[in-house]
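Top line first, the protein sequences correspond to chains U and C.
Last residue of the first sequence: 656 in this note's numbering, with the numbers rising by one and none dropped.
Last residue of the second sequence: 656 in this note's numbering, with the numbers rising by one and none dropped.
Honestly, the hints are just simulated from the structure, not real lab data.
Take these hints with a grain of salt, some might be off.
Derived pair list, reagent style PhoX-like, types lysine-lysine, alpha-carbon separation capped at 25 Å [stated by the list, open to error]:
| no. | chain 1 | residue 1 | chain 2 | residue 2 |
| --- | --- | --- | --- | --- |
| 1 | C | K349 | U | K107 |
| 2 | U | K108 | C | K422 |
| 3 | C | K422 | U | K394 |
| 4 | U | K107 | C | K422 |
| 5 | C | K113 | U | K394 |
| 6 | U | K107 | C | K350 |
| 7 | U | K111 | C | K349 |
| 8 | U | K111 | C | K113 |
| 9 | C | K113 | U | K349 |
| 10 | U | K350 | C | K108 |
| 11 | C | K394 | U | K107 |
| 12 | U | K108 | C | K108 |
To give an idea of the chain U side of the interface with chain C (calculated C-beta under 7 Å), a few residues [as the list claims (entries may be wrong)]:
| no. | residue |
| --- | --- |
| 13 | P13 |
| 14 | E18 |
| 15 | G25 |
| 16 | N28 |
| 17 | D40 |
| 18 | D44 |
| 19 | H109 |
| 20 | A112 |
| 21 | A116 |
| 22 | I123 |
| 23 | N358 |
| 24 | G361 |
| 25 | R424 |
| 26 | G428 |
What you are looking at is a predicted structure, and each value in this text was computed from that prediction instead of being measured.
Beta carbons are placed, not taken as given, at the ideal position from N, Cα and C, and that holds for glycine.
2 protein chains.
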Amino acid sequence: MAQTHKPAHAPTCVIENFFPSLGAPNYLIKRIVGEPLDVYADVFTDGHVILCAVLKWRIAGGSRWFESSMRPLENDRWQGRCQFPSCGRWEYVVEAWADEWLTWKKHFKAKYEANDPELGIEAREGARMLRQAAVRARAAGAPDSGAELEELAEMLAKLPARELMEVLMAGALQVIMDRFQDRSLSTTSAQFRVSVERERARFSAWYEFFPRGAEGRADKHSTFRDCLARLDDAKAMGFDVIYFPPIHPIGVTNRKGKNNTLTTVPGDVGSPWAIGAAEGGHRMVESKLGTVEDFEWLVGEARARGLEIALDFALNCSPDHPYVKEHPDWFFQRDDGSIRYAENPPKKYQDIYPLNFHGPTWKALWRELIDVVLFWVARGVKIFRVDNPHTKPVSFWEVLIAEVQARDPEVLFLAEAFTKPRMMQGLGKIGFSQSYTYFTWRESKHELTEYSKELTQSDMRYYYRGNFWPNTPDILPHHLQSQGPPIFKVRAALAALLSSNWGIYSGYELCENRPLPGREEYMDSEKFQLVIRDWNAPGNIKGFLRELNRARRENPALQLYDNLRFHHADHDGIIAFSKATPDFSNRMLVIINLNPHGPSSGMVHLDMGALGLGPDATFRVEDVLHGTHYEWHGAHNYVSLDPKATFMHLFRVA
Amino acid sequence: MAQTHKPAHAPTCVIENFFPSLGAPNYLIKRIVGEPLDVYADVFTDGHVILCAVLKWRIAGGSRWFESSMRPLENDRWQGRCQFPSCGRWEYVVEAWADEWLTWKKHFKAKYEANDPELGIEAREGARMLRQAAVRARAAGAPDSGAELEELAEMLAKLPARELMEVLMAGALQVIMDRFQDRSLSTTSAQFRVSVERERARFSAWYEFFPRGAEGRADKHSTFRDCLARLDDAKAMGFDVIYFPPIHPIGVTNRKGKNNTLTTVPGDVGSPWAIGAAEGGHRMVESKLGTVEDFEWLVGEARARGLEIALDFALNCSPDHPYVKEHPDWFFQRDDGSIRYAENPPKKYQDIYPLNFHGPTWKALWRELIDVVLFWVARGVKIFRVDNPHTKPVSFWEVLIAEVQARDPEVLFLAEAFTKPRMMQGLGKIGFSQSYTYFTWRESKHELTEYSKELTQSDMRYYYRGNFWPNTPDILPHHLQSQGPPIFKVRAALAALLSSNWGIYSGYELCENRPLPGREEYMDSEKFQLVIRDWNAPGNIKGFLRELNRARRENPALQLYDNLRFHHADHDGIIAFSKATPDFSNRMLVIINLNPHGPSSGMVHLDMGALGLGPDATFRVEDVLHGTHYEWHGAHNYVSLDPKATFMHLFRVA
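Whole structure, please, built from the sequences with the hints as guidance.
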């Protein structure tokens, strides 16, 4: 029952002030398949009538509507709930109407009770409505209901008042009338759009490594075929997304040397983000890694292990990229005919040519870039980590994601935009499945609390899924540089438990922490060279990461994003938060000593409601990391966290 | 330079999160001619460029845009200001673009300072931009600027770096470049709509009287020709809008008797809201009042006195209304062929037939009703008080107001909707110039403060202009019933000074307060009978009302609506508030003892910033009602208000 035609009558109801509402018709609310969405709207009409409202949703542009009744709250606010059975773009509307039948029934009852002498005329009006409903029933292919309604209509005109009331007020009649409501004068609201994605969009643990460094050797460039051990290790640590920096041929012209120097020595492998060489561009793989077929083989191996490989989608071209010769019009050309390299004057990045997304041949460029993504989708890649999306037009990403997800709604996109808040939010609104965050630099309890609240409890929760990374190949934050393995554990626990999406750049498990002096960057960064690594070096925290990811897998509350709630801890160095499933069947309480080197202790004051507990409840908390458990009484409980024993509790509330 | 075509390029900027924003594209922000509107929006784009944004506005659908630059605040928020030179519907947009010239200039400067060897190539790019600007200048009919730009372009390619910098950084060049900006890649936002009305929409003092009672005689039905004394009296009291209840023929069938009884006796005049008789309907005047020509004469007499006559637009039909016979399809027909009368079961209102706004011939009905308004507009009526708009479709009012104001943008509409908040707000959003409010029932300081704040400081200030009435023919609130003239003065002062729009129903100046027992309605209401009145009866407060209205007229701060600010008074019975013009050239401070019978005194703590005063300022306050004055020091001042002397101060802050 598609209803997109313009109604023949003027609007009868006002339907407005929707929540959630992202502010523009092209913005997308995000859901996971099966995840309910509660929709609120103000609905009202003129006069003294009984109003009905339904929430309707369908695959965008589809013909089959799903529908559920809305219920009035107070002050003309209505609430409805929808749930999306499959991935893809969906849309929903609210339809409302003054229900003639219900209004008539209410009036009839009042008149009956007042012994109104005109009940006879009124009953005939009711009979007319039943006969009209019978017509609708027959048109809807329900002749039995039609016959029943006609029979009742006959009766209505004849019955004495008292019996008439009994018939009218019967629940069974209303059930039929609800099925065949008269919506001929209904009003339908504006449409709202939803991006429905698979669960991995909300619940994921990422492990990033450079395939060329899979074996941890400086003397040998690893290939895709050398990556199985890394996959197995990541799997053992409990990660489920393996993310590769760009795997494409690396430019030679102006290639960067070790530690981002401007000159190279023979054997320097270059930055994988300087994409494109004589052998090919974004559809090719670096020959030292193998072939496209080798990559497809690895994708299959990952899949067999329950892992997915995510590719980096980085729209940088080296001067050697085939695009430069074939489509110089896709770049910015300078007055001397040369192509403009990237710069942030006076800094120059002569190994990179930015693309001109609004040049005269922009449509061909956009087409090509979308096709590049589809090329890798066809080779089994269903997740893309997008490099610096904030330096390309937001409208480009909107088009790209829409088209790719229309072809394959399983494809997910992670936005690597470390930039100003509005741009980061905007990229979320137009469709990025996940986004990097400022978590990497949030250190104190206050910072972590306020920022996590903003992400998970403000309107952002409807369109922005933060993916928490304690490190990246570009960022070795100051706090990781000097405090040894304990801080690596603290930051991993925060990332993995505050957000349902988290990830590490490999080496984190080995607590690698050598910076460029005074910088938040790695010394001898793998971005520019092969590095030697013992993947099982002593002091690694692989066992701890495995436990974290195991707890996430075993506890559904940790797989949700917007269920984060904070609890007050007296001690400034102790952070306490919880996550529960909506039915409270799984409730996890996390208490972490943010100081990795000294003991902290004090009272934690629980928000008992957030845990589904009465204010004076007695309950058992079981530490799923340590196997210990405690009986707690009420909201106020003492904790003592000495890193020598444990710096954290990860409690399941029984 | 109309710009409504779809741009040939993809959006380059994101422009969103507008403030104010009423939530739907058909909702109207309200302004008065010449009143500035500050517009805020988030504007951002990709990459490291210099962004420009302008606010543009025009008569809806017009071809001539007005324009002003927007300025960045923080966090990608931009602000612009527009001002509308004439009444009518206006629309505005934001246009934004990455400015190539400004970006290039910034980069050039950085390169110059870094002694970049490629300055020559860069200068040639700058020259190209100047030449392109020259083309735009010539196209815009500014050949002189074109020539100047071409000359500069020549120079740019030749000058040594240092001189080049001097030329580039000259303010004069930027002024020309600002005139001929390259907006070929600009992005334009969604459109927002504004209803611009004449000042009377914001600043008005209404006086309602029944023309049939103009002479205050029970033995004689006054006519329009008898109304001059009332006009003069209202004028003397300082009112500027004279509002008449319906002046149309009154139905005979089921006419209501005195005090709303169901039976009449000969001579009963009936309720003017039961419109329509054999002699005519909404385009006719009740013959006992005179003729349409008499009415037009009175409109002219009013105009000569600087007064306006507002008519009641009440869409009730008596059973005798010509529509009933001519257009039975415009009503609800019952199964026995009769027309459905108004009811709220079990209550029946058999003297009134409601119209069916969504019936099969709704278009003809709407057309007729709009034509009725235009009929009276043609007879000089420019203000309509709309009776019970909330019992007719909001969409109907939207269409009616749009069409009437398109014909004559001077016409104003006051919504008499005493109903639930969302409906009252909705009627404001779609275009009613003014609206009745709950002021009539707000009594305590807390209630008055919170409600006035909601009206004048929340988003409502953009679309809802509250008109404060202490009484109406339907409402004699409890607090007026037993406290004599002092409470009438208190309520008048609150209405006239809290809002820039206020009104009274006549008899208020005489402190009439006889209720139907236990009700908030008048005994022997003028709605149903002629009443005897001495318009100069002893104990009247006409002098006080004159002083209130004089103060309003003489003090521009009291003519503004959303400039209301409250100040803390320790005593719960003392309310303190102020209004100032934006430039603080006029500042009024009101302090009222809400208890009309006993003295109240205590400290008043002024929000000095709201008065444009420093925290420790010494200032003089002059009571414009009493001619007294005080020297005050700082924020904290003692007031004592004894109703025997005065219950209030109306201070002008010097």
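Tested hints:
For the hint linking K349(C) to K107(U), the alpha-carbon distance of about 16 Å falls within 25 Å, and the restraint holds. Distance check on the hinted pair: K108(U) and K422(C) sit about 21 Å apart at the alpha-carbon level, within 25 Å; holds. For the given pair, K422(C) sits about 48 Å from K394(U) by alpha-carbon distance, which is inconsistent with the 25 Å threshold. At most 25 Å may separate the alpha-carbon atoms for a hinted pair to count; K107(U) and K422(C) meet this at roughly 24 Å.
For the suggested pair K113(C) and K394(U), the alpha carbons sit about 24 Å apart, so the restraint of at most 25 Å is met. Straight-line distance between C-alpha atoms of K107(U) and K350(C) comes to about 17 Å, which keeps the hinted pair within the 25 Å bound. At most 25 Å may separate the alpha-carbon atoms for a hinted pair to count; K111(U) and K349(C) meet this at roughly 13 Å. For a cut-off of 25 Å, the pair hint linking K111(U) to K113(C) is broken: about 85 Å separates their Cα positions.
Taking the CA atoms of K113(C) and K349(U), the gap is about 9 Å. The hint holds against a cut of 25 Å. For the suggested pair K350(U) and K108(C), the alpha carbons sit about 15 Å apart, so the restraint of at most 25 Å is met. Between K394(C) and K107(U), the direct Cα distance comes to roughly 22 Å. Compliance with the 25 Å bound is thereby established for this hinted pair. A threshold of 25 Å between alpha carbons decides the hint, and for K108(U) with K108(C) the separation of about 72 Å lies outside it, so the pair is violated.
A hinted interface residue such as P13(U) counts as satisfied when its beta carbon comes closer than 7 Å to some beta carbon of chain C; here the least separation is about 4 Å, so the hint holds. Residue-level restraint check for E18(U) holds (minimum Cβ-Cβ distance to chain C is 6 Å; threshold 7 Å). With 7 Å as the threshold, the beta carbon of G25(U) comes within range of chain C, its nearest partner Cβ sitting at about 6 Å, so the hint holds. Proximity of N28(U) to chain C is violated relative to the hint, the smallest CB-CB distance being about 10 Å (cut-off 7 Å).
Below 7 Å, beta-carbon pairs count as interface contacts, and D40(U) has none with chain C, the closest being about 19 Å; its hint is therefore violated. Satisfaction of the interface hint for D44(U) is found here, the shortest Cβ-Cβ separation to chain C being roughly 5 Å, below the 7 Å cut-off. About 4 Å separates the beta-carbon of H109(U) from the nearest beta-carbon of chain C, less than 7 Å, and the hint is met. Because the smallest distance between the Cβ of A112(U) and any Cβ of chain C comes to about 4 Å, under 7 Å, the interface hint for this residue holds.
This hint holds: A116(U) has a C-beta 3 Å from the nearest C-beta of chain C, less than the 7 Å allowed. Because the smallest distance between the Cβ of I123(U) and any Cβ of chain C comes to about 5 Å, under 7 Å, the interface hint for this residue holds. Residue-level restraint check for N358(U) is violated (minimum Cβ-Cβ distance to chain C is 11 Å; threshold 7 Å). Below 7 Å, beta-carbon pairs count as interface contacts, and G361(U) has none with chain C, the closest being about 9 Å; its hint is therefore violated.
The interface hint given for R424(U) holds, since its Cβ lies 4 Å from the closest Cβ of chain C, which is under the 7 Å cut-off. At its closest, the beta carbon of G428(U) sits 5 Å from a beta carbon of chain C; the interface hint therefore holds under the 7 Å criterion.
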